[in-house]
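Q: Using the sequences and the hints, build the whole thing.
Each chain, written out:
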Amino acid sequence: MKYIYDLHKTMLSRNLILVYEGEFTQEITKSVLAMAERNMDSMGEESSIKRKVFNVMVECLQNIVKHSDDFNPLSAKRNAAIFIIGKEDDRYVVTSGNPVDTEAKESLIERIDEINHLDKEGLKAKYKEIIKSNSLSNKGGAGLGFVDMARKSGQKLEYDFEDMGEGFHFFSLTTTILRL
Amino acid sequence: MEIINLEGTEDTPKILLDKGNGIFEISGRSLPEDSAEFYQPILDWITAYGEDSNPETLFTFKLEYFNTASSKLILDVLSALEDIDGVTIDWYFHEDDEDMEEAGEEFSELVEIPFEFKTY
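For the record, the sequence lines run as chains L and F.
Residues 1 to 180 in the working numbering are what the first sequence lists, from first letter to last.
Residues 1 to 120 in the working numbering are what the second sequence lists, from first letter to last.
To be clear, the hints were calculated from the coordinates, so they are not data collected in a lab.
Every residue gets a Cβ at the ideal spot worked out from N, C-alpha and C, and that includes glycine.
Heads up, some of the hints might be wrong.
What the hints assert, rightly or not - To be clear about the criterion: a stretch of chain L counts as covered by chain F if any three or more of its residues have a C-beta under 8 Å from a C-beta of chain F, and this derived list gives those stretches:
#: 1; region: 50-64
#: 2; region: 125-133
Stated by the list, open to error - Simulated crosslink set (DMTMM-like; lysine to aspartate or glutamate; CA at most 20 Å straight-line):
#: 3; chain 1: L; residue 1: LYS132; chain 2: F; residue 2: GLU102
#: 4; chain 1: L; residue 1: LYS50; chain 2: L; residue 2: GLU37
#: 5; chain 1: L; residue 1: LYS50; chain 2: F; residue 2: GLU95
#: 6; chain 1: L; residue 1: LYS152; chain 2: F; residue 2: GLU102
#: 7; chain 1: L; residue 1: LYS152; chain 2: F; residue 2: GLU64
#: 8; chain 1: F; residue 1: LYS14; chain 2: F; residue 2: GLU25
#: 9; chain 1: L; residue 1: LYS152; chain 2: L; residue 2: ASP90
#: 10; chain 1: L; residue 1: LYS152; chain 2: F; residue 2: ASP99
#: 11; chain 1: L; residue 1: LYS124; chain 2: F; residue 2: GLU106
#: 12; chain 1: L; residue 1: LYS156; chain 2: L; residue 2: ASP119
#: 13; chain 1: L; residue 1: LYS126; chain 2: F; residue 2: ASP90
#: 14; chain 1: L; residue 1: LYS66; chain 2: F; residue 2: GLU33
#: 15; chain 1: L; residue 1: LYS87; chain 2: L; residue 2: GLU46
A: Pasting the structure below:
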């Protein structure tokens with residue numbers, strides 16, 4: 001049972017305050033949000049920081065919920081994804097990880113790179129452009145999630161893709177919220 | 001006209017639309033799983049209200065938080081209100097919530113309706 005101690009040590013050394021692995025639904029989103037909120041409340045976090053973290057968490061979690069049907073259909077655990085919140089002295093780090101196919105990978109890289117090249121005003125213009133022109137997708141998304149995460153955090157979105165084989169990639173996305 | 005009176009939940013806002021008493025308010029948190037489905041009855045109500053609206057309509061938004069899918073629907077609500085004469089928006093934000101203030105300013109730039117900004 002050493003893995004339990006190892007997991008515990010990993011969480012401590014990486015300053016992770018919440019890790020959820022499994023199926024993602026709206027009900028689970030609400031539970032995860034409630035836990036993270038209570039955690040921040042108990043630590044006496046400032047309300048402006050709490051709101052930003054909450055905001056980024058919602059977009060991140062709802063992204064996973066909306067796209068979980070697209071995960072690897074060959075895997076028995078096709079809905080499985082991971083959501084992590086880390087807290088360091090000067091920042092919160094919100095991370096999600098989920099499988100995507102090659103087509104989704106390319107589209108994600110293009111969209112996130114475009115957002116990462118925009119400054120504050122550019123992001124604002126992009127937000128207004130999307131909200132004016134787009135209708136909701138068939139998954140109910142507004143196509144604004146990444147732009148919003150970049151705006152609220154004021155930081156670049158960091159991502160990574162690990163090859164899972166069979167044409168799938170594990171997409172990790174990290175957003176940092178500074179505690180200034 | 002019927003009154004829409006929905007209690008707020010952890011992921012849906014409180015909604016009060018009452019033509020007789022002249023109260024029009026959306027408040028709380030908006031992050032429903034399906035924002036289009038949640039807001040459709042509200043959009044329908046506003047369209048019907050526009051057929052025979054009060055001379056003046058003060059519509060209050062007092063949101064603590066909304067997700068991006070809701071922001072699209074909030075713009076749809078504002079666009080529906082834009083077609084009605086005599087509408088003004090009271091946009092409330094918590095005094096230290098710059099993001100909610102900025103969100104209101106952006107909405108005010110997207111529709112031709114007068115906005116008043118107020119803190120709570």
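Q: If a hint holds in the structure, say so; if it doesn't, say that too.
A: Right, here's what the structure says about each hint:
1. Counting residues of the region 50-64 of chain L whose CB lies closer than 8 Å to any CB of chain F gives 7, so the stated coverage by that chain holds, three being the minimum.
2. Interface restraint, the region 125-133 of chain L with chain F: holds (4 residues with C-beta to C-beta distance below 8 Å; minimum three).
3. About 17 Å separates the Cα atoms of LYS132 (chain L) and GLU102 (chain F), which keeps this hinted pair within 20 Å; it holds.
4. For the given pair, LYS50 (chain L) sits about 7 Å from GLU37 (chain L) by alpha-carbon distance, which is consistent with the 20 Å threshold.
5. Distance restraint check for LYS50 (chain L) and GLU95 (chain F): the Cα-Cα separation of roughly 15 Å lies within the 20 Å cut-off, and the hinted pair is therefore satisfied.
6. Of the pairs offered as hints, the one joining LYS152 (chain L) and GLU102 (chain F) holds, with about 11 Å between alpha carbons and a cut-off of 20 Å not exceeded.
7. Taking the CA atoms of LYS152 (chain L) and GLU64 (chain F), the gap is about 15 Å. The hint holds against a cut of 20 Å.
8. Pair hint LYS14 (chain F) plus GLU25 (chain F) holds up; C-alpha atoms about 8 Å apart against a cutoff of 20 Å.
9. For the proposed pair LYS152 (chain L) and ASP90 (chain L), the alpha carbon gap of about 16 Å is at most 20 Å, so the pair holds.
10. A distance of roughly 8 Å separates the Cα atoms of LYS152 (chain L) and ASP99 (chain F); the hinted pair therefore holds under the 20 Å criterion.
11. Using a Cα cut-off of 20 Å, the hinted pair LYS124 (chain L) and GLU106 (chain F) holds, with the two alpha carbons roughly 9 Å apart.
12. For the suggested pair LYS156 (chain L) and ASP119 (chain L), the alpha carbons sit about 10 Å apart, so the restraint of at most 20 Å is met.
13. Note on LYS126 (chain L) and ASP90 (chain F): the hinted pairing is violated, with a Cα-Cα distance of about 26 Å set against a maximum of 20 Å.
14. This hinted pair checks out: LYS66 (chain L) and GLU33 (chain F) have alpha carbons roughly 9 Å apart, not beyond 20 Å.
15. About 14 Å separates the Cα atoms of LYS87 (chain L) and GLU46 (chain L), which keeps this hinted pair within 20 Å; it holds.
Against the hints set out earlier in the document, a violation occurs for number 13 only.
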